[in-house]
Each structure stands twice: as C-alpha cells, then as structure tokens.
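Novice: Residue numbers (full-length UniProt numbering), protein chains in the order written: chain B, 1 to 456; chain Z, 1 to 456; chain F, 1 to 456; chain W, 1 to 456.
Rather than coming from a laboratory, the hints here were simulated on the basis of the structure. Among the hints, erroneous ones may be present.
Stated by the list, open to error - Heads up, simulated DSS-like pairs for lysine-lysine below, C-alpha to C-alpha not over 27 Å straight-line: (1) 268/Z x 345/B; (2) 268/F x 283/B; (3) 345/Z x 268/B; (4) 228/W x 268/Z; (5) 268/B x 23/F; (6) 283/F x 199/Z; (7) 345/F x 23/W; (8) 345/W x 268/F; (9) 268/B x 283/F; (10) 199/W x 345/F; (11) 345/W x 283/Z; (12) 268/Z x 25/W; (13) 199/B x 283/F; (14) 25/F x 199/B; (15) 283/W x 268/Z; (16) 345/F x 283/B; (17) 268/Z x 23/W; (18) 345/F x 25/W; (19) 268/B x 25/F.
In this text the structure is predicted, and so the values were computed from the model without any measurement.
Now for the letters of each chain:
4 protein chains.
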Amino acid sequence: MAEFDVEGMFRSLDTDRANVVWKWKLLEELRQAGLRADDPRVQRAVTWTLDAGAPFEPGQPEWLDRDQFAAVVREPVIARALQGDLAVSPAEFAELSRGVEQIYADLRDERSGEVAQYIPTLRDADPERFGIAICTADGQVFQVGDATTAFSVQSTSKPFSYAMALEQQGAPEVHRWIGQEQSGGTFNDPRLSLDANGKPQNPMINAGAMATLALVEPDADVSERFAKVEQTWTRMMGEAPGFDHRTFLAERDTGHGNRGLANLMAAKEMLNVDPRDRDAPQKTAEFYFAVCSLEVDATRLAAAGATLANGGVSPYTGERVFSAETAGRVLSVMGHSGMYNDSGKFADAVGLPAKSGVSGNVMMVVPDQRLAVVTFSPRLDEAGNSVRGVEVCQRLVNDFGLHPFKSLGAERGVEMSDAARRAFDGVSRPGTGSTGRYQAPAPGAKTATRAGELQL
Amino acid sequence: MAEFDVEGMFRSLDTDRANVVWKWKLLEELRQAGLRADDPRVQRAVTWTLDAGAPFEPGQPEWLDRDQFAAVVREPVIARALQGDLAVSPAEFAELSRGVEQIYADLRDERSGEVAQYIPTLRDADPERFGIAICTADGQVFQVGDATTAFSVQSTSKPFSYAMALEQQGAPEVHRWIGQEQSGGTFNDPRLSLDANGKPQNPMINAGAMATLALVEPDADVSERFAKVEQTWTRMMGEAPGFDHRTFLAERDTGHGNRGLANLMAAKEMLNVDPRDRDAPQKTAEFYFAVCSLEVDATRLAAAGATLANGGVSPYTGERVFSAETAGRVLSVMGHSGMYNDSGKFADAVGLPAKSGVSGNVMMVVPDQRLAVVTFSPRLDEAGNSVRGVEVCQRLVNDFGLHPFKSLGAERGVEMSDAARRAFDGVSRPGTGSTGRYQAPAPGAKTATRAGELQL
Amino acid sequence: MAEFDVEGMFRSLDTDRANVVWKWKLLEELRQAGLRADDPRVQRAVTWTLDAGAPFEPGQPEWLDRDQFAAVVREPVIARALQGDLAVSPAEFAELSRGVEQIYADLRDERSGEVAQYIPTLRDADPERFGIAICTADGQVFQVGDATTAFSVQSTSKPFSYAMALEQQGAPEVHRWIGQEQSGGTFNDPRLSLDANGKPQNPMINAGAMATLALVEPDADVSERFAKVEQTWTRMMGEAPGFDHRTFLAERDTGHGNRGLANLMAAKEMLNVDPRDRDAPQKTAEFYFAVCSLEVDATRLAAAGATLANGGVSPYTGERVFSAETAGRVLSVMGHSGMYNDSGKFADAVGLPAKSGVSGNVMMVVPDQRLAVVTFSPRLDEAGNSVRGVEVCQRLVNDFGLHPFKSLGAERGVEMSDAARRAFDGVSRPGTGSTGRYQAPAPGAKTATRAGELQL
Amino acid sequence: MAEFDVEGMFRSLDTDRANVVWKWKLLEELRQAGLRADDPRVQRAVTWTLDAGAPFEPGQPEWLDRDQFAAVVREPVIARALQGDLAVSPAEFAELSRGVEQIYADLRDERSGEVAQYIPTLRDADPERFGIAICTADGQVFQVGDATTAFSVQSTSKPFSYAMALEQQGAPEVHRWIGQEQSGGTFNDPRLSLDANGKPQNPMINAGAMATLALVEPDADVSERFAKVEQTWTRMMGEAPGFDHRTFLAERDTGHGNRGLANLMAAKEMLNVDPRDRDAPQKTAEFYFAVCSLEVDATRLAAAGATLANGGVSPYTGERVFSAETAGRVLSVMGHSGMYNDSGKFADAVGLPAKSGVSGNVMMVVPDQRLAVVTFSPRLDEAGNSVRGVEVCQRLVNDFGLHPFKSLGAERGVEMSDAARRAFDGVSRPGTGSTGRYQAPAPGAKTATRAGELQL
C-alpha cells in the first residue's frame, strides 16, 4: 500500500479543483471498477468517514476532504479499485458486463423447459424470472435482470455443505462415508445412489448431501447445527441468507424419497448418526431440507461462488472461510457431478465447475478469472437444470473463450498433404526444398483468435 | 521469422570464432531447449543440410558454415528453440526435467500393486519397469527410465478412437450411439456399462470404445479401417506405432466379455454395424482388440498426448490431426471418466485430464502448459490404474502447483475474529479504527507461494 | 350326525361295563385321533358337561354317564374323532406322528447355521431349541420338542397380512400396490425390492409386506388396526397371540432399512397412506414391526397354517377367516416366494408352499393332506431360513412322498433297448413278438412304491 | 393282466353275435377311451395282427376273430382301455373333452395380443390359428382346432433341455452353473439374467437355457449333440420333431442378445465350454437357436408334456426318458419361472406348472390328473405368453377345479357371530346350549361343490 499515491489520486478525482472529492464521483469511479455503492466495504468506509465529520446540509451533495479521502482509501479494496488493480481490470469488467448483458438480452425469449412441479413454492415460481449476477474474487459485481429475486438455494447448497464437512472432519473421514465418483444415475435414484455397501456415490446427489450434512457439527444440537451453516453462508456472502419456510415445510412433508435414502444409509451404518436414535435418519433429512431452503438471490449466491473461485476466501471480507484445498476439492466434484445427470454433457460443452438447483439456479465458477456467475431462471430441462442457466454458461464460455480445453492450439496446425506426409516420413530428400513444405505456426502464438476472448 | 537474427545467432554459437558452428554444439543447445537429437525435425534439417554439402572426413567433428546454418534455422522449431521461444522455455524445461527426475527417483521403491493377470503378455510384463516421458506442444521431450520400452496401448487408445469418430461423424452422430456421462460402475460391468436402451455410458468404457470404433471408417473393410487408425497414430507421434500381435491374439481369444457387450449393443441396435451380418459385433470387438494392441512407448505416447495438449496439432509435424473442438471434447471426457472407477478421486487429487491402460500406462495432459506426461509402470491398483503412474501425476501436480482448482487464492484470506466479524456486520461503529481490523491481501497477489510452482 | 350310533359308541367305550365312560378313557381315545385334551372344543364339551352334573369326590376318577356322554358327542369333532372320520385317520395320524418323531430325533444333532444377529432378542435365542408341531384341518395336533416355546412370528406374518389385505380390498386393488413376481433379490435389497415405479415385487418381501399392511384397515387408527390383526390371528389359532414387546422395540429402533423402503414407496406414491402425513411411511413400518412381533409357538402357528390348508377355515372353530380363494392366493405366493432367496431351491426340493421367519420358524402347508407343519429352531442358513426347519420339510416330503411333482409315474417306465426302440419306430415287423418287448405298468398303478408313503 | 377276461370282453364287443369283433367297433371303443386310431400302439397291435392273418377282401369291413382279438389285447394299453382303466376314465375323458371343446369355442373370438415380431417366421404366423391338445400319461389324446399345425417349439424347449442336463450331469453339477431362483426380470434382460458372478438365475431364461445346453453331451460334436436332443424329443413324443430351418437362420442372424449373454457367461467362466475356443459361446448360442427351432404341433408337444406328467415316462412307449426325480425338478422350475415375467401371476391364477414359447404355445402339466394340455395361438400378451394359451389354462383350472390351492375347504366354514366368538373364547358358560352355536361341517366333506369338478 505504501506506493499508493493518495495525493495524486485525490487530485485526479478532484476534477472541479475544489479540494474535495464528490462522494458521487468516487462511487461512480468504484462502480466502473465493479464495486457496488452498497458493497459493504465501500459503504462502511465512506459512510463511517462521513459520519465522523460534520453533518452535511440537507440537499447538498456530499464530499470528502483530503483527510477524509485518505481515511476512505485506507480500505484496501477501494485503493486497489482506484488503481485498477482488482481481480478483473475495469476495462475487462466493462467488456464482460457488456457481454453478459447481450447474453441476457439474447436469451430472454428462450422459454423452453418447465418449472419444477414437486412442491407448491417451486411450482408457483414465476417462469419468466431471469437474472444473472457475476461476482469476482474481489467482490466486483455485475447484475442484470432479476438478480436480486429471492429463491431457495436447493441443491446448490451441496458443494458448500461438502466444504463444511471437509473443513470439520478432513477429507479421509468424509470419504469414509461418501464416495467421489459420479453415480451414473439420476440424483435421487435409490438403486444407483448408493453402492452395494450403502455408501452414497458422491456429495452432489441427495443421499451424499445428507451423508455430508451428518458430518457437519455432528455433536451440536440441530438448531446450533443449522445456525453454523447459516453463519458459513453469511461469511461467504457478506450478508445473511434468508429462509424459505414454506419450501422447507413442503419439502419436509413430501420428502419421502430423501427420508427413505437417509434410512437406507443408516441401515447400512453409512450415516453418521446415533444408532440408538431411530429418528436420526429423518432428522438428518430435515436438516438437509432446511439447508436446501436457505434463501439467496443470484447476486448473493455469486458471492458464495466467488468464495470458491477465490480459493475459499470471502470476496467481501477477505476472510478465509475454507482452505484452498477444500475449495479445490469442491470445485473438482462440481466439475464432474454438479449438473445432475447431464454433468458429462456440461463438462464437454462448458468445461467449468458448476452446480444447479431445482429452483432454477446455476452457479458456475471460472477459476482462471476468479469469478463466479449465477443465473436464476426457473424453467428446467429434463435433467433438472435451468434451461437458460445452462445456456448462459455455454454462451459465456463460447463468447469469451473460457473452455479450458477447447481453445488449445486453435490457431495452430496445417492440413498436411499426402506428399508432405511422405516427405516428412523421410521418403523424399533434400534439395527439394522440402523444409518449406508446410507453414509452421508463428512462434509464441498463444494469442487466441476468437474476437471476444477475455484478456485477463 | 523475419526478425530472427541469423547472423547474431551464428556468431553467438561460433564460440571458437572459427566461422563455423559445430554440429555437436548446435545439438547441445537444442537439447537444452528440449529438442532431442533424433527429433525428426532436427534430424531432417541438420542431416539434409550436411548431406547436401561436401562430405566430412571420417573422425573429424562436423560443422555448419554460415549458409548451412542459415539453411538449418529455416526449420522453424530450430529457430524458435535457439530463441528460447518454445512452448516451455529452456529454464522452465530444465526445472521441469529436474523435478520429474526427482519424482522418478522417489518412486522407484514404490512396489505396491499387481501386474494385470488376464492375459499372458500382460501377466509376463516386468513389474519393475518404470519410465516417464514428457512431450510439449512443440515436441520438446524429457525422458527418464524405461521411456522407450514398448507396451500395448490398451485403454489409452480410447480417447483417440473417440477423437477419430468425432472427426468423421460429428459429435451429434457420435452421441446418438454413445453417452457422455460417467458410468458409475467398473469399466466392463455389463450391468452398468449400458443404459436401459443398450447405449454405452461413455467412450472411455469398453462398450463405449467399441461403439466408437464402429463409427470409425465404417464403410471401409477391416484392414483399411485398421490402417486408418494406425495412420492417425503415426500422424500424432511422428512415427508409426508397432503392433503387439501376441497380445491381440490373447485378448481376442479371451475377450468374451467384450464380445458379449458388443453383441448386447447390437441386439439393441446400438452398434453401428450391418444388422444382416451376424458376425459384425464380434468383428467390432476384434477391431477393438487390435487397436488396444497398438504398441507404443512412453515417449511416443506422450507425443500423442501432446497432440491433445496442442489442440489437435501434432507436436512434431505441426499437422492438424484433430480440430481444437475435438481435442477439447476428448480432454473433457478424460477429465471425468479417464481413470476407470477412480476417475472422481483422480479429479479431486490431480484435477487434470488423464487416461490409463492396463498395460500400466497413464497419459496425463496439462493444458495450461501444453504438454503431456506419460508414465509406464505395470503394477496396477485395484481400479486398474498404474500405481506409480497415478503417483507421478499426483506428485507433478503438487510439486508444480498444477491442480487447476487447488491454488486459487491460496495466498489470500485471514481468520476473522468474532469481534471483527461483529464489526463487519455493522454492529460496531466508526472511530474504532475498524478499517484496520484485518490485513487485506496484497493487490494482484496471483504469485503462488509454493516453492516449485512452474512459472510458465 | 343322525347316523352316529351314540349308544354303540358308549358301549364300546364302557369297557368295564360300568355304564359309564371314564373321562381318561375318552380323552385317550381322542388323543389317538389327534385331539389334545386341551383342545378348546374337547375341554369345553367335557368340562361343561361334567360341571353341569354333580361334583365328583376328590381323588376319584371322573366319568360320564349315558346322558353326559350323549351331550359330549354333540360336539361334532368329538363324534367324528370317535368314528375315525377326521381329516387324517387315526392310523395315518399315528404313522405321521411316529415319522415326525423320528425326523425330530434324527435332526437333534444338526447344529449348523447361526442364530439371527441383528437384534438382541433374536441374538439371545437359545440355539438348541427345536420343536415341531402339526395341525390338521380338523385341529388334530401332534407336537414334539419345544413346540410350545414362544417366539416372534416375524416374516411368517406376511402371508396372513396379505390374506387380510385381499379380504378387505380384493385382489385387483391389492395388486395395484404390490406385485406378484419373485424379486430375484434378497428380501431387503432396496435395489431389487421395488420395480422402477417403486412397486414392491411381492407381498413376501419386506417392502411388499409393509405395502400390504398399508391396505389392512387403512381407515382405522393404529391401535384399532393392530387389534384387528391380533383378532384375525386369534380366530385362526383358537387362542390369542402374545406380543414380544422387547423385539418390537429393537426392530423399531434398528429398522432403518424398512423405514427407508417405506419412505421410498411413499415417494413414488406406492404406499397407501395419507400423502399429507409425513410420518405415515414410518408409522407403516412400525405397524409392520408390531405384526412381526406377535408371539406364537409352533403349535399355535401350525393352527394358523392349518387355516390355510383348510381353505381359510379355522381348524378349531370352523369359522371361515378367509375365503378359499384368498387362502389359495396366499399359498400360491408362498409357493414361489416364501423361503427368501432360496424359494426356487425349496420349490425343487420340497415343492410345497412354506414361509419362514428369522426367529427360526418354518411353516409349511400340505394341501393334499390338509395340514400344516411348523418347525421352530433358531439357527439359520445363509438365506435366513431355519436349517432344521428346511430339513424337516425336506424329510417329511421324502419320507411320506409328499412332493407334488416327484413321485409321478415313479413306478412306471422301462429302459428301452435300442433294438426295442427301432421296433417301436416301425422298423421291425410282427412275428417278432415285439409287443412283449417291454413290461407295461400295472393298470391303475397309482400306489406309490415308497415305504412310508402316506395313504390319506 | 391275468385277471383280464378276454373272452368276456370279446363277447361284449361282438354285438352282432358273429363271433368276430369288427375293427371299426374296436377302434371306436378305444377312441372313446381316448386312444386315437393312429396311436402307434393301437396301430401296431391291430395292423400287425391283421397283417399276420389272411388278407381281407377289398371293400369288406375288417374284423378280428377270437385269437386275433386275444393277440390285440396283449397290448396292455388296449386291454386297459377296454377295461376303462387308463389314467383318465372314459367318462371323465369325455367330460374333459367336452369342456375343452367349450373353452375352445368360447375363446375363438379372443383376438387381443400381438404376434411376436422379432423374426419373419414368427411375424408371418397366422394370428388366427388356435388349437388345443390334451395328452394323458397313457397317451389318451383329445384335439381341437389347429392341433396339428406345426410351430417352432421356442422357449418350451427349455424345460426339456434342463431335464437332459440333469440326467447327464446330475443336479449338483447343473446347479453349479445355473441357479434355481426366479430372475425378477424379463427373460432376456442382461442386467438381471446373470447374478454378480455371471451365473444365470435359472434354466428358464435364455442365459440359463444356453448354460443348460452347454451341459448336454458336452463332449460330442455339435451335430451329434443336436441329434441326441432330437432323439430325446422323439422318445417323448413317439414321433420325431421337425426342424424349422428358416426360423433357425433368422434367430441365428438376429440373436445378438443371446450371443451377448453367452459371451458374458463365458467371460465369467460360467459356461461349460472350452476356454481356448473363442467361438465357443456363439456356438452354444447356435445350439440353443437350433433347439428352439425344433418343430412340433400341439398334439406332439402335449405328449412331451405328458412325459413330465408321467414322471418321465413316455406316454406312448412306456419308456422312461427321464427319472421321476428329474421330471419333478423340471415341473418345479416351470411352477415358478415358466411363464416369463408373469410366472407369479400365473401361479396365482392357475397354480400349475407351465411353459410358454414365443411362437404362441403354452404347455401346462396337470400332475394330479397325469396329463398335459398344449395350446397353440400366436397372439402374445406383453409378457410374451400366448393370450389364448393363458386363458385356456385359466379356464381349465376354473372349470374343473384344478387349482391345487384354491378349492381347499371351500365347502367348509361358518361366519361366526360376535356372540359365538365370545362364547368360544370361554366367556359364556354351559347350559346356554353353546355346543350348538355353530354348524360344524359335515364330516368327510371333501366333495367339491363346483359343478364341473373333475372326479378323477
């Protein structure tokens, strides 16, 4: 921070040469860098500083004097934003924002798929809702559409429950109870969810998610356990999740399949519960229903995703919520089992770790750019993934060249003629100018050719 | 190439000021950049140039004069190697080589696992064999141990057969016949290999690999089909594969399980064969056995892997063998289903696309560094993967920080105290110096902290 | 009854010519016909008659005068017993009794198998216990060994629960909820118990038994429902079953697998319960645990079995408990699915409908002889059937020629020589005396050749 | 035979008092007893006798003199027929024939179901064909409709192949290779046909039938093996089966599923073939296709069924083809697994051992009456059983009270009033006339109440 030229920055923002920086001017500058005016770090730094000074006259624009400005930029993210030194540069962030806006516009007319039917709250969801939010490792946020419409997090809670279990029990213990392989079946198929020993195949299927939660604060009572989960979400998102009690009640009352799986696991002693408590499996199922009923919106969920993209560190608080190792494990399993029964198809088309929930959310993490994208749109495809959500992921990857495997050497290579191939194979001899036969690629040609590829 | 200063380079290599560049000196320089003396491109350029001049006296060191040197550096890879402009820089290549050498030394005493038993040629393999080879997108090669010991390619043929099918039929047609999801079962379990319609779950299991080969040159006769497969391997590796006929015979004679799967697929019309030819399923199985019996070594197989790392372009010839899209698809399926029944575990521990074969080979692709690593060591673990092979992948990823998800933000984050958290949550107020409560990370801190992380 | 010569019978029993029939003499006569002194019909008839007369002097043998005797033989079963006109004749009953006694003696040293381990009451069962009881359609009883030792009925409750559901709902409704085919799996395998729609395969597996009980008195409250089941058992057995509350508690507390299955069925709407009651599946499981905990002994359970052998009519009361159609359906499913995973093996070896429970009981019905045999011996084989229980069935069938398919034409047939066969085929001609070639069986030769075959 | 009064019989048939018995008169007498004029035993005895005498004048009715008659009745079946001493008495046979004729008439308009589609010969079968044949243990035959229309035996060969394997290898060896339990799946489902060790579940599913045939004459060459099978059929039926070569070719060319199963079994070493012969599994499949293509008609197949009903003794030759033990085992497995996926349903509705084939045949054995009934009608239900075939079985069982479990005690039993029940339970006391409370059944009331019940 020592090198940050506070005075120079003050002057460059004091465009009126009034020896003050207008608050609106500062906020606009931050907004262009991706920091929202209601970013908790911005709010705190600016508000507290202004509150500490003399009160402003009503109706007058607020401003910061030199000392106040110096106090404000002690907030590191503000200093870095003003220097263009955040996870994504202002120019890139602008480009990304425009791209997402275009994708949003293009997909508004996409109306295929059907809203989940199995409980009233999901069935009643407005199918037209559509929002996208991006959050970077530094808490830069872009939103479009219904990005602050609340929804129950559903299965997108699974990666985070898995992270909590890993943090508390360590990976070897967790994987004594839950496998790490894709199930080859649908997320709730009792015949394929569990292996012959009753062990759930992985933490992203319902059985595995319940087995995971059975490892989260197992010694605490249920209200405390739920509180801990809520706190973890708060720490990731910078603000608390809500709770969709109506969804909870409906899932609890209809969740026979999940209760069934919990009991079957307990029957094989593959659920970490008190064997003497015959209600323990269904209590575990209820804990699971409660966690699925946590209420977020695209913007907040993107912050949770950004925590994973940031190696376990919350974008807003800088707090380490999970170890980098844990975040990596979570992204790995999202990579191969996050999109229900279309996980392999998604890995092919998109190639990035993602998780979807039946409320219509899809949370995708872009590790190289350290950001997460969340889409909310309730219409689901047959696999249970939001139609628009999958489409947003696909478009983003295509438009910005983000597929980790599909732009390798795209600029290279020649079609070799048969003659050339013979020559290469040593059949022809020098003097024929054969070394000039084919055009080798330009050296160092790592620059992608795709127009919109993100230069991060 | 215009900017390449031939004269300057000539002078810098003419260390004896003799107006010649010693051939050995040039080759040593290239070797340090990763190009072997028997690299076909090097051999061709140097040999042909020297052959075109006056013959050398026996026993005298060979040299290149100014014109000859200029002719040699017309070979682009030589020019780029001398400029340090290959996929991996000379310094990094040296670091990588040393690292692999160390891993090789560390794992020589690893003797757990057992050689595959089901056919004599595999059963008779020398369990002590151990070789590692690396090949980059530019054909830079590092070898240690038994890197040129021949082995049958076995299941590591599957990704390439899939690539051929994709190139010839297009992805929609291929995936009409073969799924894209992990099977949730072992690679040859008839109960889980095929879905209820008889469709194999993915191209990495035996059933899927046979269904894939049924789409490769389907209209040609079998000898021609096999020739085409051989040619594709030749194009990737810069030299032809061998053929382990003894293995072929043994697999053919004992391969009832595969013949069974082929017939079951045909019974459900999920194998692209002439329905009137009752021997078609077993012919397809034989085609599969033949492709599994192609003989390579770690070095050559690494070149095939480098073709994928290079987006489908052969490292030695610059020829485009597959489209970048195809190479990407292949890497995707390797990412989630390449390591038999431990694919999810491998995705967690290593995070990179890989494929193993029961002869004891493991081929891993490192897309970011555009290289492939192949290990050959016949002792297998319970999932059928080479024990040392998996260990080499794990060590490489750990030692060089190559896991795509596990070093994100590793340097960031603070443990937030409860007080701090309360403050952040807006409970405390300004004047408490709260902005200094936690140490934000240094801006732009993308530098990994791991000592050996590869700076590519 | 008109033809029954009361006077003649009185005289033949009045061996002392004392114009009385000694009570002990009458009881002995009945005992030889198979009626126990404590048979409720005998007790009632004799006791009431004697009670109605003048009191006997203490220490004096009791007797019946002419009128009293006439009153006693108004009880039809007594009249028929004295005439030798019960389901099994006195001679045959004696032969059968001796045969069973021999089998009992022969099998006392059989100690293979292991007592069920999953709950304490079963685990603690005395493995040496061994009792056999036979009960005919007329309530003739033969007992040997621990025939009155109490045990929980366990899975042998299933056929009777199925009968109750059939009576109350009719077969079409019952089979809308429960299948009729053998499961091909073990009795509690969640992967094979239910078909793809969640429908249990048959009423003899746990899932099917719960689905069956969900159809028994579905509108009543749980205590009433259980009372009705108890009453049905009382009606069959002539006395009430007990209740093993300790077993109930243990099964309830450990019965996660069954609770799991109940929930899975409910999840697919394949359990006849109120969909709004989220505890309904586990209440159904508890109902099932309670019915399994009904306590009987070999003798009483044989009476329940005899009710089936008697086409649904209780042997002691003559009351029709189930229709003949219902009894037939129950015997059918016992025939192919009553002996857990060895049902097919048992059908081969024994060929008669039977059901076993993990407490070590096996109840077999011999329809042609209208009797049931129950064995109690806690050591189980791997399929969960009592080792001695299966052996008793096998021996009985062998010793008395009861297998319905294995003594057909056993006395017939010749080995035809090749010459004979040629002749028969019309190759040879008359005059060769060919009609004498083989000894045709004696006409009407239905008489089995096996020594002990029961002539009933 | 000694007691047979030849002279009396001769006189009773010599109704014209001509001291001869007209041949037509004798044949008519035999026909009424169920023996056809073309019964091989009748033909042989009568023809040979007449041939041995003086030739008849053309156009004159043929007759037997006293000696000739004596010679003819040396054929035991003729003697017994004339005495009314065959498996089914003349009166009963007439009743049965009339009953079947009525069933045939009633079901002619039944046109539901669909002809098997998978190969041309089956697809082209005339769906209107409908024939019923009955054959008793003594070769009494009744036919109606298309009882001599040829069809390929298909799966109805399975019980007989099983019988041959049992005879040649013994049950323990057979069941080392093939299970005895119902599969719980469809007859050709690769996922449920084989257990985890590759062992087929029973001999009635395709996989089990192939495994069975692999045990029939395993050391002979294939032509000899097939000849032995043909001979066995000839021995049962009294005449040779045909061969539907067109069906064989079609099944061989399309039988990928069966070839697949054969290979999968071989892969697990669960097929008794030379492990060094890679074509052995498909040769086994071909052997199976050949046996399925044996051509019979309802009448001949009924004779094969009667061989089972007769404990393994051929009805026409009296030759023992299988041991009674083997015949019993075969009937047992038919009892629980003979009707494909509806075996349990059939056991409930009909309760007798039966086997069906996709050509539209159903062969049912009635052990108590020692006869077999075969229906031929090509339209199949969803389980693959002939619609009319199943219906014929059901009707026969209903009309003649043949269900082994459903008419037990049908005539017995009373509805007990609550008061009565209380009394019985000992609550009320003597003097109330309680012994008259309920009407006990008439003693010995074994007589069924159903009008048409067969009195055999």
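Novice: Do the alpha carbons of residue 268/B and residue 283/F lie within 27 Å of each other, as the hint requires?
Specialist: Between residue 268/B and residue 283/F the Cα gap is close to 21 Å, so the pair holds against 27 Å.
Novice: Compare the distance between the alpha carbons of residue 268/Z and residue 25/W with 27 Å, and conclude whether the hinted pair is satisfied.
Specialist: Given that 27 Å is the threshold and the Cα spacing comes to 60 Å, the pair is violated.
Novice: Check whether the Cα positions of residue 25/F and residue 199/B lie no farther apart than 27 Å.
Specialist: 67 Å, violated
Novice: Is it true that the CA of residue 268/B sits at most 27 Å from the CA of residue 25/F?
Specialist: Not OK: residue 268/B and residue 25/F at ~60 Å, beyond 27 Å, violated.
Novice: Residue 345/Z and residue 268/B: Cα distance at most 27 Å?
Specialist: 23 Å, holds
Novice: Hinted pair, alpha-carbon criterion (27 Å max): residue 345/W, residue 268/F. Please report holds or violated.
Specialist: 23 Å, holds
Novice: Straight-line Cα separation of residue 345/F and residue 23/W no greater than 27 Å?
Specialist: This hinted pair is violated, its Cα atoms lying about 51 Å apart.
Novice: Hey, residue 283/F versus residue 199/Z, does the alpha-carbon distance stay inside 27 Å?
Specialist: Since the Cα atoms of residue 283/F and residue 199/Z sit roughly 41 Å apart, the hinted pair is violated (cutoff 27 Å).
Novice: Given the hint that residue 345/F pairs with residue 25/W, does the C-alpha gap stay at or below 27 Å?
Specialist: The hint is violated at about 51 Å.
Novice: Quickly compare the C-alpha distance for residue 199/W and residue 345/F to 27 Å and report which way the hint goes.
Specialist: Within the cut-off at roughly 15 Å; holds.
Novice: Check whether the Cα positions of residue 345/W and residue 283/Z lie no farther apart than 27 Å.
Specialist: With Cα atoms ~42 Å apart, residue 345/W and residue 283/Z exceed 27 Å; violated.
Novice: Holds or violated: residue 228/W with residue 268/Z, Cα cutoff 27 Å?
Specialist: 33 Å, violated
Violated hints, in rising order: 4, 5, 6, 7, 11, 12, 14, 16, 17, 18 and 19; the structure is consistent with all others.
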